Amino acid sequence: MQSLTESVEVQFEPLLAPWLDVVLHVEQRAYAHPWNRANFLDALHSGYQAQVLVAHQTVLGYFVAMKGVDEVHLLNITVAPEHQGQGWAKVMLDALTLWARGQGAQWLWLEVRVGNARALQVYERHGYRRMGLRKQYYPAGDGQREDAIVMSLKL
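Counting along the sequence shown from 1, when you hit position 66 you're at 310 in our numbering, and nothing is skipped either side.
Keep in mind that the hints were calculated from the coordinates and are not lab data.
Since the structure is predicted, the reported quantities are computational estimates derived from the model, not experimental observations.
All clues stand as given, with none of them false.
With a Cα cut of at most 25 Å, we get these calculated BS3-like pairs of lysine-lysine:
hint: 1; residue 1: Lys-398; residue 2: Lys-334
hint: 2; residue 1: Lys-398; residue 2: Lys-379
hint: 3; residue 1: Lys-334; residue 2: Lys-311
hint: 4; residue 1: Lys-379; residue 2: Lys-311
hint: 5; residue 1: Lys-311; residue 2: Lys-398
Simulated DEER-style distance windows between Cβ atoms:
hint: 6; residue 1: Gly-371; residue 2: Leu-285; range: 25 to 33 Å
hint: 7; residue 1: Trp-351; residue 2: Asn-283; range: 18 to 26 Å
hint: 8; residue 1: Gly-385; residue 2: Val-313; range: 32 to 40 Å
hint: 9; residue 1: Gln-350; residue 2: His-300; range: 30 to 38 Å
hint: 10; residue 1: Tyr-275; residue 2: Lys-334; range: 15 to 23 Å
hint: 11; residue 1: Arg-373; residue 2: Gly-331; range: 17 to 25 Å
hint: 12; residue 1: Asp-265; residue 2: Arg-378; range: 28 to 36 Å
hint: 13; residue 1: Gln-272; residue 2: His-300; range: 20 to 28 Å
hint: 14; residue 1: Ala-299; residue 2: Asp-265; range: 16 to 24 Å
hint: 15; residue 1: Gln-388; residue 2: Gln-255; range: 36 to 44 Å
hint: 16; residue 1: Gly-348; residue 2: Gln-388; range: 38 to 46 Å
Backbone N, C-alpha and C define an ideal beta-carbon position, used for all residues, glycine too.
Whole structure, please, built from the sequences with the hints as guidance.
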């Protein structure tokens, strides 16, 4: 079977209503505590940058980012579970970086679960640095909370 990264044309499309059901399906498969429809709709109604990475009508991943005065905050970036480990997160982070620079941002910010070693490695390889810790930031199982590592990239 051919990997999707081998000579497949991909494109970014705005994450709009027609993509929402597919994105929600990916989100629910990717996370124990996924965003819900209202989270996505709030982001879209707020005018946040929301893009879907697509190959042949297949969603490879997506991201949602909020622009501030001189910074951009990455709120959600997800690679569909069946396409993880193929470099799509880097493609989306590169696209986000280009967009943020075009918006005049000086910094990119994000939070990541302390237990998400794979994502931490992706972000660090992309140049993000650990800046701090948000205690009990994310919901975890059985009413528990998980800390978040705050990371940033100077543009």
